[in-house]
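In this text, residue positions in the sequence shown follow my numbering: the first is 37, and each later residue adds one.
Hints are computed from structural coordinates only; laboratory data are not their basis.
Fair warning: this is a prediction, and the values are worked out from it, not measured in the lab.
A virtual CB, placed ideally from N, CA and C, is assigned to each residue, including glycine.
Mixed in with the good hints, there may be bad ones.
Claimed, not checked - Straight-line Cα separation of at most 25 Å, SDA-like style, residue types lysine to any residue; simulated pairs:
{"hint": "1", "residue 1": "95", "residue 2": "64"}
{"hint": "2", "residue 1": "95", "residue 2": "56"}
{"hint": "3", "residue 1": "95", "residue 2": "110"}
{"hint": "4", "residue 1": "95", "residue 2": "144"}
{"hint": "5", "residue 1": "95", "residue 2": "149"}
{"hint": "6", "residue 1": "95", "residue 2": "108"}
{"hint": "7", "residue 1": "95", "residue 2": "122"}
{"hint": "8", "residue 1": "95", "residue 2": "112"}
{"hint": "9", "residue 1": "95", "residue 2": "73"}
{"hint": "10", "residue 1": "95", "residue 2": "70"}
{"hint": "11", "residue 1": "95", "residue 2": "107"}
{"hint": "12", "residue 1": "95", "residue 2": "173"}
{"hint": "13", "residue 1": "95", "residue 2": "84"}
{"hint": "14", "residue 1": "95", "residue 2": "52"}
{"hint": "15", "residue 1": "95", "residue 2": "69"}
{"hint": "16", "residue 1": "95", "residue 2": "57"}
{"hint": "17", "residue 1": "95", "residue 2": "115"}
{"hint": "18", "residue 1": "95", "residue 2": "79"}
{"hint": "19", "residue 1": "95", "residue 2": "168"}
{"hint": "20", "residue 1": "95", "residue 2": "80"}
{"hint": "21", "residue 1": "95", "residue 2": "38"}
{"hint": "22", "residue 1": "95", "residue 2": "76"}
{"hint": "23", "residue 1": "95", "residue 2": "82"}
{"hint": "24", "residue 1": "95", "residue 2": "83"}
{"hint": "25", "residue 1": "95", "residue 2": "147"}
{"hint": "26", "residue 1": "95", "residue 2": "75"}
{"hint": "27", "residue 1": "95", "residue 2": "131"}
{"hint": "28", "residue 1": "95", "residue 2": "154"}
{"hint": "29", "residue 1": "95", "residue 2": "130"}
{"hint": "30", "residue 1": "95", "residue 2": "143"}
{"hint": "31", "residue 1": "95", "residue 2": "67"}
{"hint": "32", "residue 1": "95", "residue 2": "141"}
What the hints assert, rightly or not - Restraint ranges, calculated between C-beta atoms of paired labels, are given here:
{"hint": "33", "residue 1": "42", "residue 2": "140", "range": "47 to 57 Å"}
{"hint": "34", "residue 1": "69", "residue 2": "177", "range": "19 to 29 Å"}
{"hint": "35", "residue 1": "156", "residue 2": "84", "range": "38 to 48 Å"}
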Amino acid sequence: MIDRDQAFERIRQAGLRLTPQRRAVIEELAGDRSHPLAENVASRVAARVPGVSLSTVYKILHELGGLGLVRELSLPGAMRFDPDVDPHAHLVCSECGSVYDIPVPVATTEDLFSAAERATGTDVIHMEVTLYGRCAQCSPRA
37 MIDRDQAFER
47 IRQAGLRLTP
57 QRRAVIEELA
67 GDRSHPLAEN
77 VASRVAARVP
87 GVSLSTVYKI
97 LHELGGLGLV
107 RELSLPGAMR
117 FDPDVDPHAH
127 LVCSECGSVY
137 DIPVPVATTE
147 DLFSAAERAT
157 GTDVIHMEVT
167 LYGRCAQCSP
177 RA
């Protein structure tokens, strides 16, 4: 999960200014487990930093992704942002669109990386696993 102070320091180390907009985006993402859309982040940031544009929030989110502080999730119909950059999978509800984190043991992730590297000779740097199903609220069993 994104740590505000570490994120602020990483911004400075990258030679970027910690603007009110960057600070607000980081603070809005800290502890957010909802995998928000940029539009959701922008509306919350706009309440704190009047006049901030959606394009500015997108730019900041992409910067944070480039710094390894958030993951960009390309899901059907939407780009979502995940402040948890530790290895894990996602479950997307095919009914309501909710996104859930699924823990994946680090050993399993490393085994998958090694297997892919052995099979293809590729240097694997990132893995994204997304499962689709119906969440507990949308399942007929609920």
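Going through the hints against the structure:
For the given pair, residue 95 sits about 15 Å from residue 64 by alpha-carbon distance, which is consistent with the 25 Å threshold. A C-alpha spacing of about 14 Å is found between residue 95 and residue 56, which places the hinted pair at or below 25 Å, so the restraint holds. As the CA atoms of residue 95 and residue 110 are separated by approximately 16 Å, the hinted pair is consistent with the 25 Å bound. The straight-line distance between the Cα atoms of residue 95 and residue 144 is roughly 33 Å, outside the 25 Å bound, and the hint therefore fails.
Distance restraint check for residue 95 and residue 149: the Cα-Cα separation of roughly 30 Å exceeds the 25 Å cut-off, and the hinted pair is therefore not satisfied. A C-alpha spacing of about 12 Å is found between residue 95 and residue 108, which places the hinted pair at or below 25 Å, so the restraint holds. The hinted pair formed by residue 95 and residue 122 meets the criterion: a straight-line CA distance of about 22 Å does not exceed 25 Å. Straight-line distance between C-alpha atoms of residue 95 and residue 112 comes to about 21 Å, which keeps the hinted pair within the 25 Å bound.
Straight-line distance between C-alpha atoms of residue 95 and residue 73 comes to about 13 Å, which keeps the hinted pair within the 25 Å bound. Restraint check for residue 95 and residue 70: satisfied, since their Cα atoms lie roughly 20 Å apart, inside the 25 Å limit. Between the alpha carbons of residue 95 and residue 107 the distance comes to roughly 14 Å, so the proposed pair stays at or under 25 Å and holds. The straight-line distance between the Cα atoms of residue 95 and residue 173 is roughly 34 Å, outside the 25 Å bound, and the hint therefore fails.
A hinted pair counts as satisfied when its Cα atoms are at most 25 Å apart, and residue 95 with residue 84 qualifies at roughly 18 Å. Annotation: proposed proximity of residue 95 to residue 52 holds, straight-line Cα distance about 13 Å (limit 25 Å). A threshold of 25 Å between alpha carbons decides the hint, and for residue 95 with residue 69 the separation of about 21 Å falls inside it, so the pair holds. Distance check on the hinted pair: residue 95 and residue 57 sit about 11 Å apart at the alpha-carbon level, within 25 Å; holds.
Straight-line distance between C-alpha atoms of residue 95 and residue 115 comes to about 13 Å, which keeps the hinted pair within the 25 Å bound. With a C-alpha separation of about 15 Å, the suggested pair residue 95 and residue 79 falls inside the 25 Å cut-off, and the hint holds. Proposed proximity of residue 95 and residue 168 is contradicted: the alpha carbons are some 29 Å apart, above 25 Å. For the proposed pair residue 95 and residue 80, the alpha carbon gap of about 16 Å is at most 25 Å, so the pair holds.
Pair hint residue 95 plus residue 38 holds up; C-alpha atoms about 18 Å apart against a cutoff of 25 Å. With a C-alpha separation of about 14 Å, the suggested pair residue 95 and residue 76 falls inside the 25 Å cut-off, and the hint holds. In summary, the hint linking residue 95 to residue 82 is supported, as the alpha carbons are separated by about 15 Å, within the 25 Å threshold. For the proposed pair residue 95 and residue 83, the alpha carbon gap of about 18 Å is at most 25 Å, so the pair holds.
As the CA atoms of residue 95 and residue 147 are separated by approximately 34 Å, the hinted pair breaks the 25 Å bound. In summary, the hint linking residue 95 to residue 75 is supported, as the alpha carbons are separated by about 12 Å, within the 25 Å threshold. As the CA atoms of residue 95 and residue 131 are separated by approximately 30 Å, the hinted pair breaks the 25 Å bound. Between residue 95 and residue 154 the alpha-carbon distance is near 36 Å, which puts this suggested pair outside the 25 Å criterion.
The hinted pair formed by residue 95 and residue 130 fails the criterion: a straight-line CA distance of about 29 Å is larger than 25 Å. Between residue 95 and residue 143 the alpha-carbon distance is near 34 Å, which puts this suggested pair outside the 25 Å criterion. For the proposed pair residue 95 and residue 67, the alpha carbon gap of about 21 Å is at most 25 Å, so the pair holds. Among the hinted pairs, residue 95 with residue 141 is inconsistent with the structure: their alpha-carbon atoms are about 32 Å apart, more than 25 Å.
A hinted range of 47 to 57 Å for the beta carbons of residue 42 and residue 140 is inconsistent with their spacing of about 22 Å. Restraint check, residue 69 to residue 177: a C-beta distance of roughly 23 Å satisfies the suggested window 19 to 29 Å. Distance hint check: the CB atoms of residue 156 and residue 84 are about 46 Å apart, consistent with the given range 38 to 48 Å.
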